[in-house]
Amino acid sequence: MTDLQKQIENIKRISGANPEKCMRCGKCTAACPNYSEMEYHPHQFVYFIENGQLDRLLKSDSAFRCMTCFACVERCPRDVKPAKLIEAVRLTLIRRKDSNYLKPDEIPQKIDEDLPQQAIVSAFRKYTK
Amino acid sequence: MQKIGVFICWCGSNIAATVDVKKVAEAALREPGVVFSADYQYMCSESGQRLMKDTIKEKGLTGVVVCSCSPRMHEATFRKAAESCGLNPYMVEIANIREHCSWIHKDIEEATEKAVILMRAAVAKVNLNQSLTAGKSDVVKRALVIGGGIAGIQTALDIAEAGYEVDIVEKKPTIGGKMAELDKTFPTLDCSACILTPKMVDAAAHEKIKIYAYSEVEKVSGFVGNFTATIRKKARYVNENLCTGCGLCTEKCPSRKAPNEFNEGLNTRSAIYIPFAQAVPKLAVIDPAACIHFKTGKCGLCEKTCDAKAIDYNQKDELIERRYGAIVVATGFNVIKLDNFEEYGYAANPDVITSLELERLMNAAGPTGGTLLRPSDKTHPKKIVFVQCVGSRGQRPCDKPYCSKICCMYTAKHSMLIREKYPDTEVYVFYIDVRTPGKNFEEFYRRAVEQYGVHYIKGQVGKVAENEGKLRVYGSDLLLNEQVVIDADLVVLAAAIEPDESAKKIATMLTTSIDTNNFLTEAHPKLRPVESATAGIFLSGVCQGPKDIPETVAQASAAAVKVVGLLAKDQITCNPCVARSDELLCNGCSACEKVCPYGAISYMDKEVNDHGKREVRRLAYVNEAVCQGCGACTVACPSGAMDLKGFTNKQIMAEVDAICR
Amino acid sequence: MSVENKEFKPTIVAFCCNWCSYAGADLAGSGRMQYPADVKIIRVPCSCRVNPMFILRAFQRGADGVILCGCHPGDCHYSTGNYYTRRRMTMLFDFLDYLGIERGRTRVEWVSAAEGARFASVMNDFVKKVRDLGPNRKITDLRCKPVEKEGE
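Protein chains in written order, with the working numbering: chain A, 1089 to 1217; chain B, 25 to 685; chain C, 648 to 799.
Keep in mind that the hints are not guaranteed to be accurate.
Said to hold, decoys possible - Keeping only pairs whose Cα atoms sit at most 27 Å apart, straight-line, the calculated DSSO-like set for lysine-lysine is:
1) K785/C x K130/B
2) K46/B x K656/C
3) K1109/A x K482/B
4) K340/B x K776/C
5) K1172/A x K487/B
To be verified - Calculated from the model, a selection of chain A residues having no Cβ within reach of chain B, i.e. all distances over 12 Å:
6) M1089
7) D1091
8) Q1093
9) G1104
10) K1109
11) M1111
12) K1115
13) M1126
14) P1130
15) T1156
16) D1167
17) V1168
18) E1175
19) P1196
20) Q1206
21) V1209
Hints in this document: simulated from the structure, not taken from any laboratory. All values reported here derive from a predicted model rather than from experimental measurement. Virtual Cβ for every residue (Gly too), placed ideally from N, Cα, C.
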């Protein structure tokens, strides 16, 4: 099993979702309220994972743009659970070694006056390992 | 001692690829009673059967075991072959080493071992088999068709044309079914009523056809060739023999608020009504739930209006018992309820409609007289969105897992008709796949796109919400990879179809099986598509699976041919595997009589010779023409006197022993 | 224990109604749905043909599990046969329980002619349960069994 296959298997395991059940209707994307903010849309997450193009998803920040509102999970007629797949991609990114999403020296530029201190700390904890 | 021949079929590579047939043949020779064994490529072929027949003659076989496919497939074939060369057909047993062995196992050793055991069990059974002779029973030369839609009408017409009596039982006040509600039919754009109503009239006028409209089948007993059905003729409160169908009463009736079923509830009708102008039988019927007379005891206007004196408020339901040789189920379909599909807002917005409702809105006899108007404000819609696969092909609890088959085509039809009649209307169709397998279907769909400029969008709609008097449709266009938003005036949902709710009840009544979607199951998916697993019960139309009109008519005629084939016989062969009571063991306790679902067991006093002791005893007696061979009595019998021929206690225990050896 | 279970191949007798589960098994076959070869099917006209005696006989002759499949309640080809089955088997299984034969070794399942996938999954599940229970030694007539070597 290659690394990629392992990662995809892991994503399926974490999410408990099966992208093979998808019948490509696109209802998930049609229902997505945050559509315009995402580079890749819910149906692409499903298709890329099924298709082994996980890298494209990992390089994009779309996973973090998903609001996890579960509209796609609710609407999907085939019970594919796109939001759970997106969540699993997010976890894969977070759990990855040596490629921290946020590096400590990047933080000063990102600091917003209005942002509470606690949010920065928790974001740092969440996105680094 | 039996002389048994064992024949092992390769079934090409179906069996031979996973079962070592030579090994099974060798093992067979070690079994008691086996004098011959052979393997052959296709036992069911002409030459395979000849091998069997020749061996029976040469070796003087008294029993045969064929290790092959399921007995449900070829048991009859091999029994017939045995019979043709003088061996009693019930001396042949099948060991199912294909469906139950080679097809489900991959390991050759394991599959061979199992095949040997299955062969052993069959040999053990044949060793105890006895020759059986089938009895005969008479065929009642009349057929019952349940459901009076196009399927039922076609089946009835074809049976009647062959010269046999047919009764149609329809639960609605008129025959015609769903097809009567349609405006046009694809792919020819024929007017639906123009092709259906002549058939309805033919059915009503045919001397061999009797229509029980507004009636339901309540009980069915009996068996193939000899069913007895109880039909409940619901009270119309109108005397059928007097009513002329003039319709004067329906105009005078002051209660006009009942939803009109024929127009899918898009408008209302009077309490006394005739479903539609071409109704057959064209008789008025009173809906007691809406009638003022039934609610308050007053009014009585229809009674006063009717010159024919046909109104009869005291009419009661009538129970009719009729005997039939065959029964055809043609209960049809309904559009699913869309209350659970909140995303499309069907319940909240009057302008979100189903395709069947659109059909009525476009029909000249419909609530708008054939002008397409929005239900909410009666204006012409300028932008119409069609949504495909609503409730079909899904896995949520509210969804149906199957494809409803007809939606792609009727949506193409609707969009085409709308663009033709109102060229200024924009039509969008959200589709997942466009499925057009049928003669001239693909060409029809392409015409909608190329000639009529219907916008087909590959994607599904995620949400429909009201927005300033319009319906905002959020969909996805998967080819553009974009979310699209359309402000539509009318949204038409291609809702899934499901079998009529009566199908389940009727299947239980007829002891035939239904699948998980409540469609009736055919006897064989490929080779016996219009017969049910229960002898004498046939299937016609959508009750068996989604179908369009041409397919329904084809299946209806096919079912009719099967019925005619049955009714053409004066007598049919009964199942000889029936219960038999041993006189010397029976103690006349009545336990068997109580469990028999057919009332086949009675008691009589008979003199028996019990080891030289002559005495008169009360003994169970099985009526072989009535017994269906379920075997319930054999287990209930405390003294072990009752046994089932062909499946005797000893035979089944021999099988158990062979498997556990 | 676990090693023994892995090698243990139970003998399982399945009584199947001709109208529903036997056809369901056929459907599982034509759908190539795998289930263990330990299951051997005996065809009966109706689940109510199965005399409790047959099940006792199977255990006596060394079966490790017996499963009885009939039509879903209400769908019996003979209208009421499966109701008799249900009652009879409830009583028999209580009795077997009393004898010390584990509940997992006996089962009644309703499988229709259209449920090939269900037939396969029922069989997979049942075989797994019986395998976990190990060989049945309770009322087995040891004279029917080949001699086992000590210590194995």
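Taking each numbered hint in turn, which are not upheld by the structure, reported in ascending numerical order? 1, 4, 10, 11, 12, 13, 14, 16, 17
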